[in-house]
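Now for the letters of each chain:
Number of protein chains: 2
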Amino acid sequence: MNSSPLIDQLIEAFRCLPGVGPKSAQRMTLHLLERNREGANKLSKALEEAIEHVGNCRECRTFTEEELCRICASHSRNQKLCCVVESPADIFAIEQSGTFRGVYFVLMGHLSPIDGIGPEQLGISQLVDKVQSQDIEELIIACNPTVEGDATAYYIAEQFREANVVVSRIAHGVPVGGELEFVDGGTLSHAFSGRKVMESS
Amino acid sequence: MNSSPLIDQLIEAFRCLPGVGPKSAQRMTLHLLERNREGANKLSKALEEAIEHVGNCRECRTFTEEELCRICASHSRNQKLCCVVESPADIFAIEQSGTFRGVYFVLMGHLSPIDGIGPEQLGISQLVDKVQSQDIEELIIACNPTVEGDATAYYIAEQFREANVVVSRIAHGVPVGGELEFVDGGTLSHAFSGRKVMESS
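Residue numbers (my numbering), protein chains in the order written: chain A, 40 to 240; chain B, 40 to 240.
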């Protein structure tokens with residue numbers, strides 16, 4: 040029995056965060072109530088605003104509250120070089136490595152027929168349109184080096200077999216079976232510079 | 040450069056949580072946006088409600104949105120037996136061990152002159168009033184077994200030297216130097232049953 044229903048509710052609500060179990064949720068709740076109500080208030084407002092306003096970029100499908108994300112709208116990026124990633128977290132990791140100056144396209148997942156995720160859900164036709172209409176010169180595929188990521192990469196490469204665009208894939212310098220978002224910047228730099236042109240089978 | 044100011048703001052806001060660094064904050068943000076916007080919404084509302092409504096219990100000073108917390112208002116608790124703890128988190132830990140059926144008094148800290156925390160900040164006079172007006176028979180002191188907790192325990196025992204109340208302290212079965220809130224229920228049970236009457240010096 041705890042002292043208050045609202046505290047129980049807040050502890051339960053913290054469980055929606057990844058990696059947060061009952062003990063951590065309780066610790067977070069009491070920490071905020073005891074020591075940082077201002078921070079809790081800011082967190083509440085930031086969550087509300089993000090949920091209400093953050094949608095997807097018209098061009099690259101990443102998260103943004105504008106029509107175009109900061110990267111797509113930037114004049115200092117090479118719009119002819121497009122990197123395809125599975126999730127916005129991958130963009131964060133690549134941007135932190137500082138190794139890539141082109142634009143992105145976010146699939147928001149990978150091919151997974153068992154979960155009902157096919158080419159439409161990944162926006163592949165939007166990617167094909169983008170490559171054609173914007174005269175993209177090179178498409179760098181940076182899907183995760185997992186079975187599903189490999190399948191997705193080959194499927195995308197297949198779509199551009201006849202098109203006038205180089206399709207490459209970042210080198211497998213990144214640990215196989217891992218998640219791109221947790222790779223360090225140095226490994227990512229190697230992976231970008233060691234990329235290979237994909238041969239369609 | 041990330042894709043959106045609102046996302047940056049939310050990542051920064053998550054940093055107010057204990058044990059959450061930049062990587063975890065980013066992971067939490069993207070997880071909620073990608074997979075659990077409903078959970079994020081609930082978390083935002085739960086935070087707002089808790090901050091707005093949760094105050095302190097009139098009797099025991101723990102967190103509650105009512106005038107009296109659930110424990111102080113309960114008829115099934117022994118109101119003559121009062122356990123003094125440093126923080127509401129300690130109440131959670133003791134309640135989970137299921138070993139104690141009395142009521143609590145929360146100091147919300149420990150004596151720490153260097154931080155300006157003296158007897159007034161800990162509500163010692165309120166505790167003295169409570170013991171007298173409610174004819175409390177035993178006061179079990181469950182301050183953390185740290186230097187400051189020990190000092191606080193002795194200070195409280197001293198206040199009741201002339202009073203008609205037994206002052207005891209939970210046994211040092213709990214690891215010395217640790218924090219009460221992380222102790223397992225079994226150790227806490229031993230500590231409660233092995234408590235010793237405090238001799239005033």
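Treat the hints loosely; a few may be bogus.
Identical chains blur together in the list; that is why a pair holds if it fits in one copy or across any two.
Under the rule of at most 30 Å between Cα atoms (straight-line distance), these lysine-lysine pairs were calculated in the DSS-like manner [claimed, not checked]:
| no. | residue 1 | residue 2 |
| --- | --- | --- |
| 1 | K235 | K119 |
| 2 | K169 | K81 |
| 3 | K169 | K119 |
| 4 | K62 | K84 |
| 5 | K235 | K84 |
| 6 | K81 | K62 |
| 7 | K169 | K235 |
| 8 | K81 | K235 |
I should point out that these hints are in silico values taken from the structure, not numbers from a laboratory.
How the hints compare with the structure:
For the homomeric pair K235 and K119, the shortest alpha-carbon distance inside one copy (18 Å) is at most 30 Å, but the shortest distance between copies (77 Å) is not. Taking the shortest Cα distances, K169 and K81 never come within 30 Å of each other, neither inside one copy (38 Å) nor across copies (37 Å). For a Cα distance limit of 30 Å, the shortest separation of K169 from K119 inside one copy, 10 Å, qualifies, whereas the shortest one across copies, 75 Å, does not. Within a single copy, K62 and K84 get their C-alpha atoms as close as 24 Å, and across copies as close as 21 Å, so both meet the 30 Å cut-off.
In this homomeric assembly, K235 and K84 never come within 30 Å of each other (Cα to Cα): the closest approach is 45 Å inside a single copy and 49 Å across copies. When the C-alpha separation of K81 and K62 is checked against a cutoff of 30 Å, the pair qualifies both within a copy, at 23 Å, and between copies, at 19 Å. For the identical chains of this complex, K169 and K235 are intra-copy neighbours only, at 22 Å inside a copy versus 76 Å across copies, given an alpha-carbon limit of 30 Å. Within a single copy, K81 and K235 get their C-alpha atoms no closer than 45 Å, and across copies no closer than 45 Å, so neither meets the 30 Å cut-off.
Hints 2, 5, 8, counting from the list given before, are not met by this structure.
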